[in-house]
Structures are given as structure tokens and as C-alpha cells.
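A.B. asks: With the hints as constraints, model all of the structure from the sequences given.
Heads up: the sequence shown begins at 1 in the working numbering, then just goes up one per residue.
Check the hints yourself; a few may be wrong.
[Claimed, not checked] In silico lysine to any residue, SDA-like type, Cα no more than 20 angstroms apart, as pairs:
#	residue 1	residue 2
1	K131	D200
2	K140	D185
3	K82	G202
4	K140	R173
5	K164	N132
6	K101	P199
7	K101	G209
8	K140	I169
9	K101	V66
10	K131	L104
11	K101	L57
12	K131	I160
13	K131	V66
14	K140	A203
15	K101	A65
16	K164	R50
17	K206	T144
18	K101	L198
19	K131	T68
20	K82	F208
21	K79	F208
22	K206	I83
23	K164	N133
24	K140	L104
25	K164	P199
Worth flagging that the hints you see were computed from the coordinates, not collected in a lab.
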Amino acid sequence: PYSIFKLIPALFIVNIMVACNNNESINNNSSPASKPAPASRLPEPDILQRLTTQKDLIDTMLYNAVCTSESFGLTTEGKVIKIADEQEESDMFSTIYLVVKNKLGAIVRISESPYSQSGDWSVSVIYYFDKNNRTFALEKNYATFHSLCNDEAVAEQRTIFYDKNMNTINNVRIVTGDGNRVVADSCIVPFYDDYAVLPDAGAFLKHFGIDTIGRKL
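C.D. replies: Right, dumping it as C-alpha cells:
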């Protein structure tokens, strides 16, 4: 996993046309027996552990370059376009979107990364989807050189997990300084906290304007 203290590059554009491993197996908590699931179930006791594992698997597939992904950019004129050439000038975009799909073509992750003209901050919000395209997790990473506590880089990571009804299961925020040292929350100015929280992948594609581009994703 990458360190959140290394500012995310202003623009990362990848088109990796390699099949993803399917994350469906960790979505299935039933036994291999052929008996049908009961109509109603008690609350799942290990749901946070299961969703954490599911999120980690999706990240691993991306970082190991074993997935299919497409990049889109919101231009400074407000138009969303598909990015086909990694040599595109990054300053023509205000936000980059990366859509990641598994080997079945299902979207498992979408990230939005606003572009910093100054280069002294970076932020990305990553949304994760289960085999039914429902949102089950969100991760926000924000890093800046301008700490309010001392002269060092500081970073915020927020991770939120949701159940199938979009109720929050867990919400953790960690602020760290140099050397991955945990520092006070007040050392960083809140930034980009108005990100969308939507129920499924299709809703995000529509929200970002990606669903109207050329062909169906």
C-alpha cells in the first residue's frame, strides 16, 4: 500500500487491459452447502471484518495491475471526457476519475481526484462497490505541506463502511505527520468534505457525468 505522506501525483492515468480477479468469493458468507438461505437472518456479527477484507482485495487487484480500468477527466470548461492518452496535459482537467472493473466487467471501485494547480496538496475520494453494485465503503485521502501545528507535511485518511441500507457501520479518521506519526486532528484544515455519498456505482457514474460518454460502461 502507498504511504499517504507521499503526495498523490497530480495526475495518474492508467489504462490496464488485464482481467481482474473476481471479488465475488469474499462477498459470499454462506456455506458451500446447497441449502437455500433463510428468508430472514440475524445481523451479521463479522460484517466489518468482511467488508474490510473485500476493500483490501479490490485495492490489491488495482495496485498489482491486474484489473481493467478507464480514466475520465473533468475539463476546466466543465466537460467530462475519456482519457485515452497518458500524455494528456493534466492542467486541462480539474478532476480525474478512475473507474475500475473486475473480470466480469462489474465496477468495483471509482475514485475522484481533484487536480492541484499549486502541487502542494492532493486529495482523492475512493468509493467501493460489492457484487450487487452497492456502495459498501469510502476512503478519503488528503495530504498537504501546510500543517497548522509545525512545518511538516500532514495527511488525513478517513475510512467509512456502510451496510446494504447505507447505514454507517464504522467511521475512522486518522491525521498523521512525518514518519506516519499520529498528530492532533486540529493540525490539518478540513478540506473537500462535501464529497457525494450515493447508494451504487450507477448513481456515481451519473453524478460525475461519466454515464453519458460514448458507450455504456
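A.B. asks: Confirm or reject each hint.
C.D. replies: Comparing the hints with the structure gives:
Only pairs whose Cα atoms come within 20 angstroms are accepted, and K131 paired with D200 is accepted, the gap being roughly 11 angstroms. Restraint check: the Cα-Cα separation between K140 and D185 comes to about 15 angstroms, which is no more than 20 angstroms; the hinted pair holds. Taking the CA atoms of K82 and G202, the gap is near 17 angstroms; set against the 20 angstroms cutoff, the hint holds. In summary, the hint linking K140 to R173 is supported, as the alpha carbons are separated by about 9 angstroms, within the 20 angstroms threshold.
Taken as a hint, the K164 and N132 pair is honoured in the structure, with Cα atoms around 10 angstroms apart against an allowance of 20 angstroms. The hinted pair formed by K101 and P199 meets the criterion: a straight-line CA distance of about 17 angstroms does not exceed 20 angstroms. Distance hint between K101 and G209 is fulfilled; the C-alpha atoms sit about 18 angstroms from each other, no more than 20 angstroms. This hinted pair checks out: K140 and I169 have alpha carbons roughly 16 angstroms apart, not beyond 20 angstroms.
Taking the CA atoms of K101 and V66, the gap is near 10 angstroms; set against the 20 angstroms cutoff, the hint holds. Annotation: proposed proximity of K131 to L104 holds, straight-line Cα distance about 10 angstroms (limit 20 angstroms). Distance check on the hinted pair: K101 and L57 sit about 13 angstroms apart at the alpha-carbon level, within 20 angstroms; holds. A hinted pair counts as satisfied when its Cα atoms are at most 20 angstroms apart, and K131 with I160 qualifies at roughly 18 angstroms.
For the suggested pair K131 and V66, the alpha carbons sit about 18 angstroms apart, so the restraint of at most 20 angstroms is met. Taking the CA atoms of K140 and A203, the gap is near 19 angstroms; set against the 20 angstroms cutoff, the hint holds. Restraint check for K101 and A65: the C-alpha separation of about 12 angstroms stays at or below 20 angstroms, so the hint holds. As the CA atoms of K164 and R50 are separated by approximately 13 angstroms, the hinted pair is consistent with the 20 angstroms bound.
Distance hint between K206 and T144 is unfulfilled; the C-alpha atoms sit about 30 angstroms from each other, more than 20 angstroms. A distance of roughly 18 angstroms separates the Cα atoms of K101 and L198; the hinted pair therefore holds under the 20 angstroms criterion. At most 20 angstroms may separate the alpha-carbon atoms for a hinted pair to count; K131 and T68 meet this at roughly 16 angstroms. Under the criterion of a C-alpha separation no larger than 20 angstroms, the hint pairing K82 with F208 is consistent with the structure, at around 12 angstroms.
For the hint linking K79 to F208, the alpha-carbon distance of about 10 angstroms falls within 20 angstroms, and the restraint holds. Restraint check for K206 and I83: satisfied, since their Cα atoms lie roughly 18 angstroms apart, inside the 20 angstroms limit. For the hint linking K164 to N133, the alpha-carbon distance of about 10 angstroms falls within 20 angstroms, and the restraint holds. In summary, the hint linking K140 to L104 is not supported, as the alpha carbons are separated by about 27 angstroms, beyond the 20 angstroms threshold.
For the hint pairing K164 with P199, the CA-to-CA distance comes to about 9 angstroms; that is within 20 angstroms, so the pair holds.
The structure fails to meet hints 17 and 24 from the earlier list, while all remaining hints are met.
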